[in-house]
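*Asks:* Construct the complete structure from the given sequences, taking the supplied hints into account.
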Amino acid sequence: MKLKYIIAITAFAFSLSSCEDELALTPEQDLTEEVIFNNASTAKSAVLGLYSTAQTLEFQGSMPQLIEEYMGDNVEFVGSFPTLQELRDFTTVSTNSSIRDLWLVHYRVVTRSNKIIAKIGAVPGLTQAEKDQYVGEAKFMRALAYLQLTNLFAQPFQVSGGTNLGVPLVLEDFTGEITYPSRATVNEVHAQIKKDLTEAAAALPPTHPDGVGRATKGAANALLARIALYREEWADAITAARAAIAGPYARATDYTFYDKNTSEDVLAIQNSAVDNGRTGSGGWASYFSPTNVSGRGDAPFSASLTAAYNAEPADKRFALKRTGTAADGLSRVFTNKFPDAVTNSDNSPTIRITEVYLILAEALAQTSALPNAEAIGIVNYFRNRAGLLPVAPLTKQATIDAVLLERRKELAFEGFRRMDMLRYKQNLRAGNPLAAFGGQKTILPIPQREADNNKNLVPNPGF
Amino acid sequence: MKRKLLAFLLLGLFAITSAMAQNKTITGRVVGADDGLPLPGVSVRVKGGTAGTTTGADGNFSLNAPGNASVLSFTYIGFVAQEVTIGANNRVDVRLVTDAKQLSEVVVVGYGAQSRALSTQSVSTVNSESFKNQVVVSPQQVLQGQAAGVNMVNSSGILGASSFITIRGGSSLSAGGQPLYVIDGVPLNTGNYTQEQGAPTGAGLNPLLNINANDIESMTVLKDAAAVSIYGSRGSNGVVLIKTKSGANNSATKINVDYYTGTSKPTDILKYMTADQWRNFRREYLTANGTAVPAYPTTSFDWADAVIRTGIVNNFNANASGGDEKTRYFVGGTFSDESGYTLGNDLERLSGRFNFNHNISDKLRFGVNYNLARVNSDRIGAENSTYAPLTAAYLQLPYVVPYDAAGNFVNTGFVQNVIGLEETGFNKLNSVRNTGNAYGEFDITSGLTFKTDWGIDNVLFDEKYREVDVFTPGGYGYISRRGDNKWLTQNTLSYNKIFGQKHSFSGLLGYSFEKARYTSGLFEGQGFASDDLPNIGSASTPLTASETAQEWALESQFARLGYTYDDKYLFEGTVRRDGSSRFGQNNKYGTFYALSGGWILSNESFFNKDSKFAQFLKLTASYGTSGNDQIGYYDYLGTFAAGEAYNDASASIPSRVANPNLSWEETAQFDIGLTTRLFNAVDLQVNFYNKETSGLLASVPYPYTTGFASATQNVGEMRNRGWEFTIGSQNFKTTNFSWNTSFNIGFNKNTVLSLPENKDENGRNFLQIGSTAQRAIVGESRNTFYVIKYKGINPATGDAEWFKKDGSVTTTPVQADRVIVGKADPDFTGGFTNTFRYKSFDLSAFFNFAYGNKVLIDGLRFTENFGTGSYNKSTDLLNYWKAAGDNAFAPRLNSPTRLTYHQLSSNQVQDGSYARLKTVTLGYNLPESVLAKSKVIRSARIYALGQNLLTIQNKDFRGPDPEVSANGANNLVMGESFFALPQAKSWTFGINLGF
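Residue numbers (my numbering), protein chains in the order written: chain A, 122 to 584; chain B, 5 to 999.
Derived pair list, reagent style SDA-like, types lysine to any residue, alpha-carbon separation capped at 20 Å:
1) A:Lys-576 / B:Ser-758
2) B:Lys-808 / A:Pro-580
3) A:Lys-252 / B:Ser-654
4) A:Lys-576 / A:Gly-297
5) B:Lys-592 / A:Asp-142
6) A:Lys-576 / B:Pro-705
7) B:Lys-519 / A:Leu-146
8) B:Lys-763 / A:Pro-580
9) A:Lys-240 / B:Ser-654
10) B:Lys-763 / A:Val-579
11) B:Lys-490 / A:Asp-142
12) A:Lys-576 / B:Val-782
13) B:Lys-809 / A:Gly-583
The hints are simulated quantities; they were obtained by calculation from the structure and are not laboratory data.
The structure presented is a predicted model; accordingly, all values stated were derived computationally and were not measured.
*Replies:* Set out below in structure tokens:
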């Protein structure tokens, strides 16, 4: 055989041996989980990842809050999104993609919290205090997610005492093995929320060493007060609210706090021009601002809310508004609680101390046979701040009503209205059984995609 | 890598230093007499001897002959045999003349070329003749209706829109389903290089928009396993080989100049109300429902009319080609400028190509193919963007006007003032592409050739967007830059040998390595001191500054062995081993193979080739495997994504679940074919194929309770089975008149065979990703529409009605009532061309068609939204139910179904079958007697060409265009459109001169 053939064959055989290293390429903008939790600074970035997730449109980025406002009666939704119009019209279908995404993002918050809770303990270079704090923050965030989930996807406590279906409770870290959880009852989910918040309140410091915008002891107590209120556990609500009020907070004296960090905030998820939850679909200022200042013009005042303010037109809170073109091309009135529709830097008002005082007032009013003086004092503090004369309710019910009216006017556009109506067994719309208290379409459907992918999920009836 | 290259270079070096002594080596090149194009696989023998060789892909041969050999014989199926005397310099170049009775076509195949008659591969070829002078932005467009089994659908009428293309039904679920494009041996980058701007994810502009159709000589579609398995892990979606134009040896310089100009309009648009119609309708609607009627503005504006204009195209193309004994070249350039029929959409192309081949000696050759292209476009928003001209025009309330009293543009909010947007600011794309390869080829010894080929494909897409103060206070802008730089080396040894007269062998052994780096950057800012400041650097608030980079590499070894006995029995075997960086640690390498055989019955002694009935008959069969690697770069790794932020600190979030077993999907394909020539005039090719894909790559949906939406896994099996018929017929031919017909049709049935456990109401597993309306269902098509079935308006009640799952009628359907209402993939697609020539006139008409598919016009959920006051509506809604007995289109004004009427159902899923007069051309060639007087002009032709002039579709079709698949290359969302622009109807006139 000629030499050259031997050489040719040898060379070729040589070339057939593989070069594994040329094929071992690694990503340049991702880190593996092992790396993330093997170092204090990357582990901290994973904790911040939880807050970054919380900024998302579908969590604290305004979509759930907007839905609460217009399924309630504070906002007239005139936007063009059919998925949001369906909710307005109480004709929602289970394939609604906005609701699907809302579910996803809430469970992202849950599972990312689970990851922190499972992994942070073994991170080298973190002090025990830091570890406790991060776990506390994750438990707070998980509780907030589950509270929003039960509010939206389950009939409220008032319908059947919380024995009805809530949402799946996922508490274990996801490591690749898919599980198909079924829905826990509202009571079971709420119990987990209270457990997480109680542990978080114990673990978290009154102020966060890294500054504003992070979960603290006060935030955990305030959220405990909120869930107790929603469950009509008045004594617990009073205890938790007082614990929160004991924190480093102070009621504002005017309404200039909306676009800045002040001691009015118990927790405001921090947004900036370069880092916020706004998407092309919406955002705080985007939904709630008219088109001429770069908003979508989707969510102006409803006639009902306007009428509530007009009963006492001097109310300074009624001045927190601007008129402009709405999405339907007509001139309408919008809130200016979220003024920056250009860069969307407004913070998400997750918990304000005003809400905590109003929780305290409501629980006190509910638990006193006679008009409760402390509750009336709280109401009159806010009325005074709004430039209104004090009131002096003469009955328990009148006191409760006074608290609820202040609650509506104070917290409008911040995402409380639907639950406040349902808690008092009010119909979200008149003349539509689907929108009445306990009506099938007062809550959101379990997303069809989830029902398809997890046969253990029982759909909500009527979708 | 380096080790291996060294080995190859050494091999070449040794080969060069070893010379032949006792015998003489004869070299040469065989080309076709009429076109000068190379002929591969021609048998070359010493007359009277037994041994011989065959020509290589480029027509070259080298033969080791005895010192006393004097005559060589050349035989080739489809050509007249020739004997040539060996000259003094041992160089023999031959031009073979075709034998009309047989197939003489040459087809490009992977790493080579073959005689179609002798090939066992199933391929379709589209020659430049069939698309010359057409207004074509992207090369995929020329495949539409031209190749059996190829389904090509434009995603939109936007200039440079991406395309949906499947070959034999495609082979994947959620991995890429597009074929591999290879231009002169260089596999092209086909990533996402542009911002979607409202188009669905991944369906921005066409990644191949800067490949110039004017440079293309032919496009060959590789279909069966015998053809595609040489491309291994990238072959299962089919391969499109693009061959660019080249010169011919020993031919005088030919110069061709072509210019055309024309206009375009949309084929159709959606219906919309005038302001008066809208106000009246709304007043009636609100009144009927007891709601107060707001004081609507009394103004009116026709938005659609204002954003649609007459598009204009100008295209200038010139090229020169020629060659001498040792050198061949082609130089070409194109300048074109097209403005689309939509306000603000323009595209300008400047591209040049240089192809060059040179013989250094009788044994040593080299060549270069190089293309440099620049495409600039004024972009517009697409589809789902309310900043897109036509989308906004359909949705904008017709009483909203674009100007205020002073004549200044106004901000109209979410559905933006698109006239103002297009008249101010900018939305530009600049793209550059460098594609080329250089090769050296050396004849080591008789029949043995070494070739080393080095190529690049560098793509850079630069986008720049700026919105003025009116539309975003302070102004807004971004720059986006995406690039993909590939280099590759391919090294092959090929061997051609004839033993004992009848045994002809050809072998190919190769090694290739390919690596590409994709980079992207996005810089976004807001707050400009003036609208006159165009650059992001002038923005006060930088919103985004991001950069990412990703790399992949592919290392391959491949081999092919062909054997032909007496031009009767054909065999071919192929094997390829690929190692890819995209797959898990446990499955980085995959091996693919194919075996094929053919029998040319017409070369048997019992076959009478002189009969009037059949002159050629070949049967082929093939079986083999190929793969698909079109998934993300690092999908097998479990990761956290950096680059998130909170409160001015960096944050990381989980981004992927690990899957170390991630591997290719593998397609096993069986094909049988019949190729024949009948009545001395009709070429017929029939193929049947059965393609089964296993280990399908799918982005498997996870329950969201895992925190993940999906992960890429190998799951499920799918089958594509079908028939293809291609007919070319010379119906009539005299000196003055000829009539040719070509027809192709491909029937494909796509069936999902298995999927991961995820059952629907009927107990069938399904997979649904990216679409609300369609899903893959076991036992059904991958693109099955699964929605609630709409019945219509009840003439008695005026309520809209739907079917429940059990077939009963309801006014309140739920999602559990969803049923299969059709599929997005057609039963068959094809094309039909008739060409007539009378004296100096030629007339050609080309129809393409698709049948049996449904399309979802999702935008109807908006324009037919009965109850909303947020946007404009279709005039169809004016036909609402008024009295008992009405067969109305829309419900009663106060029907309880008024708010659910528009919800997704089969009402928006419509028959997408169509036949379209894609092009019609009328040309006139100046007679040679006239041209001869000029002494300069060799040929002259003037022509008129119309595109999309006529569409035959279902009479009830409500949508601008049934030819649509707005999600571009996405396999699982086919035939859906939101507000995609319809195809353009155009008229062009041109002149072509040859010198």
